[in-house]
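What follows is the residue order along each chain.
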Amino acid sequence: MQIYLPIAEVSVNAFLLLGLGGIVGILSGMFGVGGGFLMTPLLFFIGIPPAVAVATEANQIVASSFSGVLAHFKRKTVDLRMGTVLLIGGLVGAGFGVMLFNYLKAQGQVDLLVKLCYVVFLGVIGGLMFFESLNAIRNVRKGKAPVRKKHNWIHGLPFKMRFRVSGLYISVIPPLIVGVAVGVLAAIMGVGGGFIMVPAMIYLLGMPTKVVVGTSLFQIIFVTAFTTMLHATTNFTVDIVLAVLLLVGGVIGAQIGTRIGVKMKAEQLRILLAIMVLAVCGKLALELLLQPSELYSIAEGGH
Amino acid sequence: MRALILALALLAAALPAAAEKVVLGLSSDTVSINTNFDGSEILIFGAVKRDGPSPSEPRLQVIVTVAGPSESKTVRRKEKRFGIWVNKDAVEIDSAPSFYAVSTSTLLGLSLSETEDVRHKISIPRAIRSVDAPDDISDSETFADALIRIKSKANQYQLNEGTVSVDEQTLFRTTIELPAALTEGEYQTRIFLTRGGQVVSQYETSIYVRKVGLERWLYVLSREKAFLYGLMSLAIAVFAGWGASAIFGLLRR
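Heads up: the sequence lines are chains A and B, in that order. For the first sequence, position 21 matches number 21 in the working numbering, and the numbering has no gaps at all. For the second sequence, position 249 matches number 1249 in the working numbering, and the numbering has no gaps at all.
Honestly, the hints are just simulated from the structure, not real lab data. No residue lacks a Cβ here, since even glycine has one placed at the ideal position from N, Cα and C. Worth double-checking, as some hints may not be accurate.
To be verified - Computed, partial: chain B to chain A, Cβ under 10 Å:
1. V1022
2. G1025
3. I1033
4. K1080
5. A1146
6. Y1203
7. V1238
Stated by the list, open to error - Each computed DSS-like pair below joins lysine-lysine, with the alpha-carbon atoms no more than 25 Å apart:
8. B:K1049 <-> B:K1021
9. A:K76 <-> A:K210
10. A:K115 <-> B:K1080
11. B:K1088 <-> A:K283
12. B:K1080 <-> A:K283
13. B:K1021 <-> A:K115
14. A:K115 <-> B:K1049
15. B:K1078 <-> A:K283
Said to hold, decoys possible - Part of the chain A face toward chain B, derived, beta carbon under 8 Å:
16. Q2
17. S67
18. A71
19. Y169
20. V172
21. A232
22. V241
23. L289
24. L295
Could you put the whole structure together from the sequences, leaning on the hints where they help?
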């Protein structure tokens, strides 16, 4: 069934979009990532203009994250206090990131920068997570208890705050910095930032994995809602018909994904996410390294 | 001597020019884009009205062009730098139609001379205006060629030679296929009658492509009340997220 999208001005297959939304929704619920880093390249591939894809994807992430976070609220695996601190940093970072994005757009190299950002961050994070969870699984098999560094330099910082759900008593400075950094990257890369946020919370802040997913989703809702409004009012690129098709599949997928996530071990969850992140990273790296079949590209407007 | 014959031939071709006119019909002068729009076809047909008898030589040829709204474009070319492919050279195209179709009754080269093409901007390369290349790019034509190649692949630029049928040198008809990825606006439609490569008569009209119903409403809302549109998008997203959660909650019980 073909549907004409009013803002994107292209005609696409409705079932294809429902299916894509569903698959990305499952991943979103399982790992606490928005799924934007998977969906946005997929939308480019089926012929949605990049500006519309990025803006609409933000709107869809709001829906799937909201659906996911409700499930986590019921199980009390959302650290609201930590989420709020991260969110304050995230909004500041996102505003700053949009300004940086517009500056780079004027320089004409924004596509390259976005791709390089993806390759570097996905590669580093995916690699780190992969080896860490592999070690964790091996240790469990050998019967060793997982060793967690209880004290590092983070614990020496001032402005300490108690995060009861996460079982942490740490300074608010590291979460704020993580929030700002993720906000900047999220705005530049046009994603929610969950795939950066989740590992940062686990490895930098030392939060328990089960709490990380719900808290990350909570934070993503607000950052992507902010981005959606920004795109809708300045670039007019949010396609509501495209968003509805993606999010109907997405919210259902997120519910299924959350239930799958509960049944799996934390290490298995992390290693799966790592493999997926590395796969997307590899695909993008190949695009940069191999000669493209069409060397020329058309952009709207003059420079 | 050859110049004299050519001049006579031109004169002979020019003579009936005032006498032949196009009377046009269109299957419809508006194309409506609704929710299940998946491309469209327009039928363009008409007749040649003339005062005297039709001259038998050279034969009458018909060229039909349909051009979508024009916009400026930047064409970029990738080059390998430090091991990766990056956008390097860029050429600005002042004005390129979003859609352009040329349909002819015979090969375009046979029905139109080079000078007439320059004057009326009929062939696809001529319909793209003024390539404004920076000084350090010597092969700026390849950028315009790339634009045509990419647009042709998407069926947005079409050269349909021999698709206009002409009966008795009087009646002509053709269909033009519009792709699914169609932008709104006024599509300028031109009909040229040529004899021996010279344009003897031309006719212009417009076809309007516009969104209707829900498509129109959403499009207008997104442009004129952007803030409200954004809030509506968010409300739908939150509602859908809550709805899925509630339904799955009920199913589990």
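Checked hints:
1. Interface restraint check: V1022 of chain B against chain A, minimum CB-CB distance 32 Å, threshold 10 Å, status violated.
2. A cut of 10 Å between beta carbons decides the hint on G1025 of chain B: the least distance to chain A is about 27 Å, and the hint is violated.
3. Hint status for I1033 of chain B relative to chain A: holds, with the closest Cβ pair at about 6 Å, below 10 Å.
4. Interface restraint check: K1080 of chain B against chain A, minimum CB-CB distance 7 Å, threshold 10 Å, status holds.
5. Nearest Cβ of chain A to the Cβ of A1146 of chain B: about 4 Å, under the 10 Å cut. The hint holds.
6. Violation of the interface hint for Y1203 of chain B is found here, the shortest Cβ-Cβ separation to chain A being roughly 29 Å, above the 10 Å cut-off.
7. Checking V1238 of chain B against chain A by beta carbon gives a least distance of about 5 Å; that is within 10 Å, so the hint holds.
8. Simply put, K1049 of chain B and K1021 of chain B have alpha-carbon atoms about 5 Å apart, close enough for the 25 Å limit, and the pair holds.
9. This hinted pair checks out: K76 of chain A and K210 of chain A have alpha carbons roughly 10 Å apart, not beyond 25 Å.
10. This hinted pair checks out: K115 of chain A and K1080 of chain B have alpha carbons roughly 15 Å apart, not beyond 25 Å.
11. At roughly 22 Å between alpha-carbon atoms, K1088 of chain B and K283 of chain A fall within 25 Å of each other, so this suggested pair holds.
12. Distance hint between K1080 of chain B and K283 of chain A is fulfilled; the C-alpha atoms sit about 18 Å from each other, no more than 25 Å.
13. Proposed proximity of K1021 of chain B and K115 of chain A is contradicted: the alpha carbons are some 57 Å apart, above 25 Å.
14. Of the pairs offered as hints, the one joining K115 of chain A and K1049 of chain B is violated, with about 60 Å between alpha carbons and a cut-off of 25 Å exceeded.
15. At most 25 Å may separate the alpha-carbon atoms for a hinted pair to count; K1078 of chain B and K283 of chain A meet this at roughly 18 Å.
16. With a cut of 8 Å, the hint placing Q2 of chain A at the interface with chain B holds, because the nearest CB-to-CB distance is about 4 Å.
17. This hint holds: S67 of chain A has a C-beta 4 Å from the nearest C-beta of chain B, less than the 8 Å allowed.
18. Nearest Cβ of chain B to the Cβ of A71 of chain A: about 6 Å, under the 8 Å cut. The hint holds.
19. Checking Y169 of chain A against chain B: minimum C-beta separation of about 32 Å lies over 8 Å; hint violated.
20. Interface hint status for V172 of chain A: violated, as the beta-carbon distance to the closest one in chain B is roughly 28 Å, over 8 Å.
21. Taking 8 Å as the C-beta cut-off, the interface hint given for A232 of chain A holds, the closest approach to chain B being about 3 Å.
22. A least Cβ separation of about 7 Å between V241 of chain A and chain B falls short of the 8 Å threshold, and the interface hint therefore holds.
23. About 6 Å separates the beta-carbon of L289 of chain A from the nearest beta-carbon of chain B, less than 8 Å, and the hint is met.
24. Evaluation of the L295 of chain A hint against chain B yields a held restraint, the C-beta minimum of about 5 Å falling below 8 Å.
Of the numbered hints listed earlier, those contradicted by the structure are 1, 2, 6, 13, 14, 19, 20.
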